[in-house]
Structures are given as C-alpha cells and as structure tokens.
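K.L.:
Chains as they are written, first to last, in this note's numbering: chain A, 1 to 339; chain B, 1001 to 1547; chain C, 2001 to 2329.
Because the hints were derived from the structure by calculation, they are not lab data. Please read all numbers here as calculations on a predicted model, not as lab measurements. The C-beta atom is built at its ideal place from N, Cα and C for all residues, glycine as well.
Now the stretches of chain C that chain B is said to cover, found in silico as 3 or more residues with beta-carbon under 8 Å:
id : segment
1  : 2087-2095
2  : 2274-2281
If the Cβ cut is set under 7 Å, some of the chain B residues that face chain A in the computed set are:
id : residue
3  : Val1258
4  : Gln1259
5  : Ser1261
6  : Ala1262
7  : Ala1314
8  : Ala1318
9  : Val1319
10 : Glu1393
11 : Val1396
12 : Gln1400
13 : Val1401
14 : Glu1404
15 : Ile1415
16 : Glu1416
17 : Arg1417
Partial pick of chain A residues on the chain C-facing surface, computed with a CB cut under 7 Å:
id : residue
18 : Cys180
19 : Val259
20 : Leu300
21 : Leu314
22 : Leu315
23 : Ala319
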Amino acid sequence: MGADRRSPARRPGGILRGHGRRGLSIGFLAALFGVALFAPLIANDRPLVARVGGRFSFPALGDLFRFGANTGDFGRPEINWASPPPGVEVLLGTPLPWSYRGIRLEETLEPPGWRHLLGTDALGRDLLARLVHGARVSFLIGLGATLAAIGAGLVIGATAALRGGLVDVALVRLMDVFSCFPPFILALGIIAAGGRGGPWPVVAGIALNRWASMARYVRGEVIRQRSAESWEAARAAGAAGPRLLLRHVLPLLSGPLAVLGSFGVVHAIILESGLSFVGFGVDPPIPSWGAMLAESRATLDAAWWPVLAPAAALLLTLAALGAAADHAGETRSPAAPLL
Amino acid sequence: MRRDHRWRAACAALALGILAAACSPEIAPPPADMAPRDGGRFVFPLRAEPATLDFVDASDQFSALVTRLIGDSLVDFDADLRVVPRLAESWEFSADGKRLTFRLREGVKFHDGVPLTADDVVFTWRRIVDPRSHALAWLDGFLPIDRVVAPDARTVQVTYREPYAPALQAWAVPIQPRHLCEQDFAVDGPCRRAPIGSGPFRFGSWEAGRRVVLHANTDYWAGRPHLDSFVFQVIPSQETTLQALLAGEIDYAPLTPVQWSAYEQNAAFARRFDTVRFVPLFFYYIAWRGDGSNPFFSDPAVRRALAAAFDRDAYIGAVWRGRGRATRSLFHPAVLPTGPEGGMDPGAGEAEGPEAAARLLDEAGWRLDPSTGVRVRQGVEFRFTLLVFGGGEDHVMFSQVAQESLRQVGVAMAIERLDWATLRQRLADGSFQAALSGIVPGADPDDLRTMLHSSQLPGGRNYAAFRDARVDAWLDEARRTIDPDRRRDLYLEVDRRTRLLQPYTPLFYPLQNAALSRRFGDVVASPRGILDHYPGAAKIHIVAEAP
Amino acid sequence: MSGYLARRIASALPTLLGITLLAFLLLRVLPGRPGSAGREEGMVSAEAMARVRAAAPAAVSPAAGYAVWISGLVHGDLGRSEHDGRPVTTVLGEALPWTLLLNGTALLIIYGLAVPFGLLSAAAPGSRFDRLGGAFLIGLYALPSFAAGLLLQQWVAVRWNLLPLQGPPDIPAGAGWWQAVATTLAHATLPAVCLALSGWAFVARYARAVFQSALGRQFLTAARARGLSRTRAVAHAALWAAVPFVTLLATILPGLAGGSVVVEQIFSWPGVGRLYLGAIETRDTPVILGLTLLSALLVLAANLIVDLLYAVVDPRIRERLEGEPSGGR
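Just chain A, same shape as in the assembly (with noise of 0.2 Å):
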C-alpha cells in the first residue's frame, strides 16, 4: 500500500494495527451493505425455501426487489406461515423469523431477550428486523444524499476556483443562497414539492441542503493551495479540466473529504429523523434508523432499547466510515505533503 509517510515510531502499534482497523471498519460497512442489501433474506416472516404442494417455493425471495411500497407486502396471505397448513412444509427459514411490520400487540415493548435479540417497539415489531430493514432506507439516504452533495460541491466547488472571474462570482452566489437557506427548510420544501413515493424525495432534499458547505469548503481549499508548486507544474503540463480535477484537486481533499462524507452520512440520517419528526421523511411502515429513533421518542420514558438500538447502528457506522476515511487520507494522498 501506499508509504506511511510516518515512521513507526510515532504509530504504535505500527502499520499491522492500522491495516488491521481498516480492514476491520471497511470489512463491517461491506457486511452492512450486504445486509441491507439482502434484508428481506435475513429478516422475514416468510421462509426461504418450502415445499407448496410438493413444488419448492421461495417465499422471502419476492421481497428482495419490493423496495419502498408500503402496503405491508402482498404475496400469498392465504398461507399462514407461523403454523403452515397441511400439504405446506418450511424447509429453510430466514436466520430472523420476522419481518420489519410484523405487529404483535401483545409482544409490545419487550426488552431485549432471547425472542427478540434488541426487543420490540411500541406494535411489538422485532426491532433487530427493523434495524436490518432499516439499513437499507438509511444507507440509501445517507449515501445517496451525500456522495450527490459531494459530487456537487467537488464539481462546483473546483470550477469555481479554477474558472474565477464571473463564474466564480455566480457560482459563489449560487453556494451562498444554498448555504444561508435554513437546510431544514429546503428540505421540507423539496420533500413536499417533490411528492411521495418513497424516499428519493428526501435524498435529494437533504442533498440539495448539503452540496452548498462542501462547495465552499473544496473552493476554499483549491485556492489556498493552488499556488503551491506541483500544482503550477502540473498546469503547466497541460493538465486542465475534469483530469485537474480528478488527478489532483480529489487526491488533495481526499482525506477531509472523506470525514465530511462519514459524518455527512450520518448527519443526512439523523436529519431524516429530524424530518421524521416534522410528519415528513419516510411513509410507515417502512424503517429508516431516523424514523426507528423518532419513533422511540413516544416511548422514551419507559423504555430505552428503542433508542439503542438505532444510535448504536449509527454509532458503529460511524466509527467504521470514520475509521476508513482517516485511512483514506493517510495513506492514498501522495499530495499529503501539501496538507
């Protein structure tokens, strides 16, 4: 990999310790891709695999592809999988026997136990099954809003500072309106100006309220540095445009890039909830980690696993996307110098 540029006297632990958290962070955010990639495997009511009238069925398998409606799920309600009926035999079920809406009335409020491994909600829904279901809304939230908002601020930001003059001045104005806008608000306003219908609404929403501060901070940063000497060398080369951009204004912010992005991610995901809160945000009964912490608000006085539950998925994200991202700016940054 690339040189630690530090000697290893001033890392203890050395370079074995450091590869081993990253490879550690970056090994948890890919199985948490993968499961809210494959929620519906893991966490369902329906069963893998059964045999339905001597044929085999895959039950769980249609809900793979049943991202964001939110009626409940249809498919086959006439089999009771809990108890199946004669001639109807389960032969694998998910590792999880619940799904994100499956309400037990009588199941309500459950601490963590055996049963349910993180307890249950106010409808005693599994609250481990909602935080797997969960996964994937906030990892499309978190990641979509923020990979559009760094994209944009990279973009705008970089041909602002490399352009000057009069697209400077409009695109710094353009940056200033998106900037000094209450995000809040923007995001309110796109949500309900962009209409239902799962949650793209509130990605863009959150994205447009982002993309402003990571123009101006990645403009800021091109212009400070842009007198440094490899830089003029590489001008002189003939670099320009979008190969500029990609070969030496992202190797520069790469590493405070990457932390504005991990906690960007978590910050669109807690804004989320804040939307939440307002009635905006996702529709029920589908779970996003926001949504699961507003909805824990209810209950706050008699039960706290609802909230540890999300706040410590969020935690853990955030450390690994943390730990990648020093990594990131550690080690492929052969501009470090220049930092």
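Given the coordinates of chain A, assemble chains B and C onto it according to the supplied hints.
P.N.:
Showing chains B and C alone in chain A's frame:
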C-alpha cells in the same frame, strides 16, 4: 370532599357502566387543613403558546383556555358540561323559542374598574359577527341571531331568526369591554395581548414563547379566587413536561400511558402527586371519501366492512395500556351517551372481526384474487391510500395496525404521512381516498352538523362528502327543537343512521390521566380538563405546603 | 481593506434577494393554506368559514406578493405575523437573542473542548487517548439529541439538581450583573451541551485530521531535524492549522441555527428554531420570510468575518484581497 367532586364529574359525564369500577375514588387520608386558604401560585403547562388573548378571536385551545380565566361569560359549562349561570343571573326563552332574555348580575366590574353593562354584551356580539374579527370559534353560534339589544344596563335581549336549541352554548363567550375595545385595538393593547376582562384572574404579563402570568382579581364579584397567581408555562415537549413536574416547576401535567407505566409503581411519585382522571372531548376517526372519486368508498357496505376489520381494543390495550375506549358512535359519550350505556347496541347488531369483514367485502363484490392476495372487483384492485398526520404518534401507529388488519382481509392500504397544514388542505379539497384524523367536538351534539350535513360541502368539515336527506332533516329539526328529550331522540336517529352508512369510522377516545401536585385542593376535572369549566380555576386552593 | 468590505457588503445584496426569492418560491410549492392552519381546530361550519374568508384580503399573484414584501423590506417593514398579528420584526427580535445566546455558548463549548482534543490526539495518533476519546465523541454524536436532552434533564437537573431543567433564565429584579450572568449561563448550559454533542465529534475529528497533516508537513519535519523542540513544532502546526478552522466555522454556523429546533423544543427555549418550526406548521409566510432573511444575514455576516479572519491568519490571502479588485472574495 375534593375527591368526590372530581369523580362525580367523570362518572356523571360518562354515565358509563363499564367505568363504574374505575370511578370509585381511591382512599387516601384527607389533608389536615381543609379550609380553602388564599395565596399561592399554580403553574399549568401549555404545549404551545396561545396565538392571541383576544376573547373573540381566540380559536386555538390554548388561547381559549387562558381567555376563559381572564374573561367572564354570561353562561358557562360546569364540570358535567351543563350550562350554568356566570355573568347572567338568570335567563328565559320566549314561548316561541325565538327570544332569549338575560338578566345580568349587579356590581360586575372590569379589571380597570369600569362597570360591565349590557352594552358590552351587545358590543361583543357585534365584534363576533364582524367577519374581520376572525371569530371562528364563536361565529357559528351567533349566525342564527337576528339582533341583540340592551333595553337597560342589566338586560340583554337576543332575537333569533328561528328557534335555536344550542343558543346558550354561544353565550359562553367572554365579554369584552366596549369602552376599551371600540377604540384601542393595538396588538399589545387591552383587547388582544394584554386583555382586560371581568373574570377571576387579571392579566399580568406575557413573555413571548415562555409564559402568561395572571393575578387574582381581588374585586371579583363572586369573591376573589383563592390562588394569588396562575401561570401558564409553555413547555413544548411532553418528556420535559414530566421532568418539570418531577422538578416541582409545574403543578399539573397530563401524562401519556407510557409515562404512567413508568411512574405508577413509584411510591415517592404517588406521595407527591394525585391522579386526575377525565374523558377528554376528543376522538380519532377515519373519513372515507364517498363522493365517487374513488371506486371503493361510495359503497356503505365497504365502509362498514373496513370498520369491522379494525381491532381497536387490541390497540387500546397494547399501546394505550387500556387507557382508552373504542367507540362506534360519532357522538362523544360526554356529549350524547349512545352506546350500550345509552341503550343501544354497540355495532347495531353488526358482527366484527376479520371474518365478518371478509364476508361483507365478498357480498359487496370484492373477491379475493388468490394469485395476488388482494381483492378485486370489475378488474380494479382494492388498493388505496390513507392520509395521516405524521406528527401524531397515535395517528402513525394506529394506521400501521390498521394496515395489518386490512392486509388480513385482502385490502392493500398505503399510508401517507403529512404535516397538519397539508393534511387539512387535502381534506378540505377532497383530494384523498381515506384519512385518519382527530376531532374536538363541542359540548352540544349540534356541532356534528358540520361533519354530516350536506350543506357543509365544501367549506365545512364534511370531508367524507356525506349526503343523506334523512340525516340532513334530523339535524335541521334537532337544531330547532327546544324540548331536550325530543332533541336527544333525533340525534339518536342520526347516530343509528351514521353507524349504518358509516361515512366516518369513529375509532377510539383516550381516558386521560393527569398528575396533580398534592399541594392543591378542589381541583375538579371536566371533559375539558381542570380549567375550562366553571368555577374551575377560581376554586383551586392550597391545602398543604410542599412535602 | 475598506474598499473590499464595501464590495463584499454590496455583493451580499443579490445573495439576499436570491434567498428570499427561493424562500418565496418554496412557500408557494408547500401545500397547505397559508396563515390560518392550526387555528381552525374546532368545528367550524361552511357558512362561518365563507364569511371570514370573504373578509380576508384577496389573494395576490406571487410576483405581486414578492414585490410588496420587498418594498416593505426597503422601508424596514417585514409585515405582520399571520399567526398572532404582531410585527415580524418584534417576533424575531424576541427570539433572536435567545438563539444567539444558546448557539454562542454551544460554539464555545464545542471549540473549547474539541480543538484541544484534536490537537492532543493528533500529537499522539493511535494512542489510547486518541482511540478511546474518539470513540467516546462519536458515541455522543450518534446519540439523538432528544435522548441526550432527556438524560441530561433527568440526571443533571432533576436527580442531582445541579442546573436548571428548562427554559431561559429569569433574572430577578435588582440582581447584580454577575448574578444575571451566572443565572443566564446556568440556564444555557444544559441545552448548549446538548447542542454541542453533535458538534464535538465532528470538530474534534476534523481538528485531528488538520493537525495531523500540519504536523506531517515537510518543513516541520525539517525544522524538527534542525532541532526545533516538539512543543514549538506543535505550536507552529496549530497556528498554521487555524485557517481550516476558520473555514469550518463557516460550515457549522448555519447548521447550529438549524439543528437547534429539537433542542429548543426539549428545553423550552423560545428561540428562532422553535419559531421557525411553528411558522412552517402554520404556514406563517411573513415570519418564514423574515426568519429566512435573518438567518441568511447571520450566515453572510459569519462568512464575512470568516473571510476577514482568513486575511488575518494567512498573509497570502490578505495580499489577494488587497491586490485583486475583481477577485471573488
């Protein structure tokens, strides 16, 4: 004594057999010092700040609550929602029911010392019917009035265009001082944010976003209130409200069932706080848009079927910890007892549960498609969207329970959460299929007219677009009928018919438990809480020092 | 420099116009009737509604509405709240000091703790302090503010009775200035800490990254090779790193104003956040426009200060500011 008061209120208002067990007062040692003592301060939490203290314009519940302590009305409601005299010593209806004559009390003075006369009553009426006053909370009761005159300083004659049974309800409006409000109408003036009234408390100060402070009116005609001051403290968060109660910063707090479950076993809590129970004038309902704009809800049988599918008792038991009651009537039990308690069957003989719902849907032509699990009629799948208020926990939670119940019977319901303003707009425009909402009915059953009468479409609260000639006729007749028994029968007809046609599905109402500091005595609860009845706050007094 | 200032202030005007225009457009898109929502809770008949509506001023076109608002603004008149009828300037004037107090305290708490923390962890990356401290701060960040607020209230205010539970301070009449300051700070502490929780981790991490790259700079390595003491090297790095912190300030200032909605609710703090939320819920157009303008002004002012600080900290930028007349900032 003081416990009796409170319980009499809850029991009598309800007259519910089921509640009888809950209504036997708890046994606790009476406070040593029972004699009402003057002095002290009562701090009452408000979820939001009042919008105004203009007696006439106050239409949100917080504004109304504060103005009713500062202002005095001709009549008021007692804890059992019966009309009682306040400024009016007496009143009488003419034989034809069109003229109402009030005789005012002698020696009533506004807080600035000027006597209150019949002129002020006429002035208040004028202000309400002036559309610029925006008197939405009161206007309805005054629209049937032809004129109001003051033959002398203590007599007010009100003439109605036709007999108007709920007439007295309107005269619970606090009377404004003509000598001040005719000229000075500044925002911070004596009519709006620093009001002058003639009630038991006088306005002290209003710190924006924080609190409204009232002081005892020592010249009150009925004798000074026992408390020295009354503070309305704005605490937007329910969790903070509980913490403020524990910290002793407020003296009263309505708590959620979850909060009760966390503290009811706590001995220290029980030592410090008494429990006040009442059935608030409020219930949840679902409106089905039945004007043919969707292929589902024009058919009453479908609406009945969906109503039968909901398991309200399970929701109340699990989420509300039993602190609520399912209802099948649009009339709140405190307004018009109708259920088994009032001599009628709960579902008018209708069976409930998923099987009954499935059968009703089958009969209505919605057949289950085994390949999708969704019911279909004439090629149309039964998929609809329910609008809910996204900021209300119960709205969001019950909608999800309802969704599961409907899934069981092959109906696919999506939930769309909206903020309050958007929801109200969609309801008013009729651009929805079904909507879950809550309602605060008035003390008179005539209030339901705006939900049920065909004339209330559009513009009123007839969101379901319900049109039924018989219900219209009954509502019109009940409004003109002075005889209470006949009137009650008419509303029972309305109740029966709306249960059958089910334009709205009433769901449940909460049983409110509130914690009250044991320092105070003679706190009486009505369905409108501990303040909004007469004499209410004027009788609250200190019984003991804080332990 | 003064010419630069004048240019900057003049150039803020189009930005302000853009923001108010954006707000105006957004308000048009938001569903819900403006003004009276939330004030018509009870049962109001169609007849009564029609009567009141007929007396209301006729709706004007968006363009005309905006023109009226702008012409009012020129005269210093932001209109009246549609919710309680008071002048918008009064409403804002009451809420703003509380928010400034709360956010200022929070900012002090954030920077006061996070920057030293970042410096210490950067000085010894990978140490136990660095890793555990970082994890702890991230834990605080992930804690939702409503839960953190309740915990703080339950323990610090109610059980231990150390600090006031909620609400802004009540300064007793005749209190000395020190007493007033102490009371004010006591009341602001819990909400400010709650507000700071989400800022700490971010600023500390950022500080750590900045200091780390500053410490790793070649010239410092060279300087240390020449015998510059470790302390002096760190001090150098700290000064050099001040620039990115100034940038960061610009990034988090607007966030602090927006993020305080939940905190202001929990601690019954009558600030701008709560006002904003209420105004949106009731579609109180004049107040929303006024608040947008106000927060834009605050952010623009903060940006200006940040840029001036840049000039103070970094001589190269100072030269640019004074030398280049057409440079953006």
